[in-house]
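Asks: Each chain, written out:
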Amino acid sequence: MNGTILRAEQLQAFYVLDMFGTRRVVKAVNGVNLEIRENEVYGIAGESGCGKTTLLKALYGAMDPPLRLIGGRVFYRVNGQDVDIFSLRPNELKQLRWEYISYVPQGSMSVLNPVIKIKETYRDFLESHVRGKTRDEIFEMAKEHIAALGLPPTVLEAYPHQLSGGMRQRVTIALAALLKPRIMIADEPTTALDVVVQRGVIQLLKGIQESLGNTIILVTHDMGVQANVADRIGIMYAGRIVEEASVEEIFGNPLHPYTWYLINSLPRFGDKGMRESVPGSPPSLITPPSGCPFHPRCPHTRPICREQMPSFFEPVAHHKVACWLMGEG
Amino acid sequence: MEKLLEVEHLTKVFTLGSLLSRIRIRAVDDVSFYIRPAEIFTLAGESGCGKTTIARIILGFEEPTAGAVIYGGKRGAKNERVWFTEGVQAIFQDPFGTFNPLRTVEQYFFETVRNYRLARTREEAIRLIDEKLRAVGLSYEEFAGKYPSEFSGGQLQRISIARALLTDPKLLIADEPVSMVDASLRMSVVNLFKKLKEEMGVSVLYITHDLATAYYVGDRIAIMFRGNIVEMGPVEKVLMEPLHPYTRLLRESIPEADPSKRWSNKIALTETEYQEYLRTGCKFAGRCPDVMEICKSAMPGYVEVDGVLVRCYKYTSL
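Respectively, the protein sequence lines represent chains A and B. The numbering of the first sequence is this note's numbering, which starts it at 1 and goes up by one. The numbering of the second sequence is this note's numbering, which starts it at 1 and goes up by one.
It should be emphasised that the hints constitute simulated quantities derived from the structure, not laboratory data. Check each hint, because a few of them may be wrong.
Claimed, not checked - Derived pair list, reagent style EDC-like, types lysine to aspartate or glutamate, alpha-carbon separation capped at 16 angstroms:
hint : chain 1 : residue 1 : chain 2 : residue 2
1    : B       : 261       : A       : 249
2    : B       : 261       : A       : 231
3    : A       : 94        : A       : 136
4    : B       : 266       : A       : 249
5    : A       : 272       : B       : 236
6    : B       : 195       : A       : 276
Bound-form chain A, shown alone (with noise of 0.2 angstroms):
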């Protein structure tokens, strides 16, 4: 097994509201334990409004107001020492950034400057990291990495609008992996694009892991998408993880009944079975619901589910789980 490169503990992220006096606490991530290994692909999924993009930005160190982090750690294994990102100083944390850790948000056109050229963003982004080389030698850095990773070299005269919305994603990617971080991270990179073209941009992202051998946590929804690409999975809920495994295991025997739900509900080619969606409606992250977050929409629910948050534990070897039915917890 490879090592640990990011591990998160008891990580709490609110987002803190004084509306006219009132104050009013969304608890996105609500106590998240993760060990994010070398050389893996890590899936996160859920529905939306579960803390899925928070949980990121946490990781990522981005917290900015009104998102607060309430409690908890995040370390980088960065050379061999154990790093808590929530001590660095900004321009330490500014450091790590894209060198060691990327970030490809939701909505592609928010990291592209719509007014500059796409070799002029290529230009602005090494010159700040990469020291000692004249204009020239970056375009031709810029050039290389475009042709390396598949795409056409015209991209680089065009703005962005110019581009379609699945170039224009490939290009963000391609710019998170210029520097051959360690970690990418990609928050729904192939949400709102036609099968085909995310197919061509999934392609890409697995392509860029294989070649530089790091990590890439995959945030989206799809379940094709994450049995497709993950290596292991985690299901977010309310803004926990209630349960991780393997793809394999998560989709071959999945423990938590809102992983049957999810996986359950998809449509299958050749079998037209009836299909139901997950029942009832996601859960307020405001006033969440007590005890386990999933007990008013669940078909299984004991009396205990609802007094009482279930442990996060590993009934099944590597297989773990945050459920009454699994047993003590």
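Based on these hints, arrange chain B on the given structure of chain A.
Replies: Chain B only, in chain A's frame:
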């Protein structure tokens, strides 16, 4: 055979660019199909294939360059707005954009009741609204006085459908109704179409890029590519034994929720959308693995193979 709605040789040309560099794009190019009573007909394809333009033409938001829409045996029936919209109602993609966030959702229902004179008293209106909400698994009590932000995407989309049902329509035009709804709640909307068809005999023109739900819920399907229908027939045939190379590519590119079925081969993405639109021959010739010389010069006509209409030279010699 009875046809509820028929689309005949529909064509829509858009002009892009300035006065000097003008590009004419045939967004919809000679498209014909029909929908039977109590049938779910799927129009599927990627973004920019013209499927939404067809919906907009049917609903009368857009004038076709050529061709006609026939509803209830009448050509250009959409000119008789009230009669047409009573029978044909629409559901749109973005459930959060459909409703004004500052108005309660019930206001939309009362407005529809008023516009079509569906009830004489408020009590009668509430009874009608409650009946339609129950058909989609909600009720008037849990919905009265609430704002759109108090519902999930799936609930709002079901509320949209309940509103469309007020006039007892014969046909629903649903343009990407589940693409913005969470995957975990999608089936609650899709199952509803099935139920409406089976219990109330409502037909649905289901416009989507999601072939998996199309297979699950649909009866017949038409696959569109760059303004043309390239393959049309029963879902079982078209999606399980695709004939057109484009349908095959689409079908293979859907990630299946099964880690043992990962993609092994790589695909090429080359031309941009409008370059493909401007091709003279088959629009797919630039990416087709089975391309022949003839494909680059002229668009193939339709051939019927085993109950499926397909537009590809591979089958013309049959």
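Asks: For each hint, tell me whether it holds in the structure or not.
Replies: Here is how each hint holds up against the structure:
{"no.": "1", "hint": "261(B) <-> 249(A)", "verdict": "holds, 15 angstroms"}
{"no.": "2", "hint": "261(B) <-> 231(A)", "verdict": "holds, 14 angstroms"}
{"no.": "3", "hint": "94(A) <-> 136(A)", "verdict": "violated, 26 angstroms"}
{"no.": "4", "hint": "266(B) <-> 249(A)", "verdict": "violated, 26 angstroms"}
{"no.": "5", "hint": "272(A) <-> 236(B)", "verdict": "holds, 10 angstroms"}
{"no.": "6", "hint": "195(B) <-> 276(A)", "verdict": "holds, 13 angstroms"}
In summary, the numbered hints that this structure violates are 3, 4.
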